[in-house]
Amino acid sequence: MLIDGEPKLKELTSVSVPTVRRLPLYMTILKEIESSSEHVSSTLIADRLGLEQIQVRKDLAGI
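For the sequence shown, position 43 (counting from the first letter as 1) is numbered 183 according to the numbering used here, and the numbering increases by one without interruption.
Just so you know, the hints here were simulated from the structure itself, not pulled from any lab data.
What you are looking at is a predicted structure, and each value in this text was computed from that prediction instead of being measured.
Glycine included, every Cβ here is placed at the ideal spot set by N, Cα and C.
Ranges between beta-carbon positions, derived for each pair:
(1) 154 / 197: 14 to 20 Å
(2) 195 / 172: 18 to 24 Å
(3) 176 / 200: 18 to 24 Å
(4) 203 / 183: 16 to 22 Å
Model the full assembly from the supplied sequences, consistent with the hints where possible.
This is the structure in C-alpha coordinates:
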(Lines of atoms letter the chains of each structure in order from A and count residues from 1; the text may use other names and numbers.)
(Lines give C-alpha, C1' and ligand atoms only; values in the text may rest on other atoms or scores of the structure.)
Protein backbone atom coordinates (compact mmCIF):
# COMPACT_ATOMS: atom_id res chain seq x y z
CA MET A 1 0.00 0.00 0.00
CA LEU A 2 1.28 3.46 -0.88
CA ILE A 3 0.80 6.50 1.32
CA ASP A 4 1.80 9.82 -0.19
CA GLY A 5 3.81 7.92 -2.79
CA GLU A 6 5.73 5.96 -0.15
CA PRO A 7 5.22 2.30 0.73
CA LYS A 8 3.51 1.82 4.07
CA LEU A 9 5.83 0.02 6.47
CA LYS A 10 4.49 -2.91 8.44
CA GLU A 11 3.56 -1.83 11.93
CA LEU A 12 6.26 -2.80 14.40
CA THR A 13 5.46 -5.80 16.53
CA SER A 14 7.46 -7.63 19.12
CA VAL A 15 9.31 -10.70 17.94
CA SER A 16 10.11 -13.47 20.41
CA VAL A 17 13.68 -14.10 21.50
CA PRO A 18 13.66 -17.68 20.12
CA THR A 19 12.56 -16.33 16.73
CA VAL A 20 15.33 -13.74 16.74
CA ARG A 21 17.83 -16.49 17.56
CA ARG A 22 16.66 -18.58 14.60
CA LEU A 23 16.87 -15.75 12.05
CA PRO A 24 20.65 -16.07 11.49
CA LEU A 25 20.14 -19.80 10.90
CA TYR A 26 17.55 -19.02 8.23
CA MET A 27 19.96 -16.57 6.61
CA THR A 28 22.71 -19.20 6.54
CA ILE A 29 20.40 -21.67 4.79
CA LEU A 30 19.24 -19.02 2.31
CA LYS A 31 22.82 -18.12 1.42
CA GLU A 32 23.64 -21.79 0.85
CA ILE A 33 20.60 -22.20 -1.39
CA GLU A 34 21.30 -18.99 -3.31
CA SER A 35 24.14 -20.56 -5.28
CA SER A 36 22.19 -23.71 -6.10
CA SER A 37 19.13 -24.23 -8.25
CA GLU A 38 17.00 -25.39 -5.31
CA HIS A 39 13.58 -23.88 -4.76
CA VAL A 40 13.29 -22.25 -1.33
CA SER A 41 10.42 -23.40 0.87
CA SER A 42 9.61 -23.59 4.55
CA THR A 43 9.85 -27.36 4.19
CA LEU A 44 13.41 -27.17 2.88
CA ILE A 45 14.51 -24.74 5.60
CA ALA A 46 12.78 -26.76 8.33
CA ASP A 47 14.32 -30.03 7.14
CA ARG A 48 17.83 -28.58 7.09
CA LEU A 49 17.46 -27.14 10.60
CA GLY A 50 15.46 -29.95 12.19
CA LEU A 51 12.44 -27.70 12.77
CA GLU A 52 8.75 -27.97 11.97
CA GLN A 53 7.58 -26.23 8.77
CA ILE A 54 4.96 -24.25 10.66
CA GLN A 55 7.64 -22.81 12.97
CA VAL A 56 9.61 -21.50 10.01
CA ARG A 57 6.47 -19.98 8.46
CA LYS A 58 5.43 -18.34 11.74
CA ASP A 59 8.91 -16.94 12.32
CA LEU A 60 9.14 -15.43 8.85
CA ALA A 61 5.58 -14.12 8.94
CA GLY A 62 6.38 -12.25 12.15
CA ILE A 63 9.15 -10.13 10.70
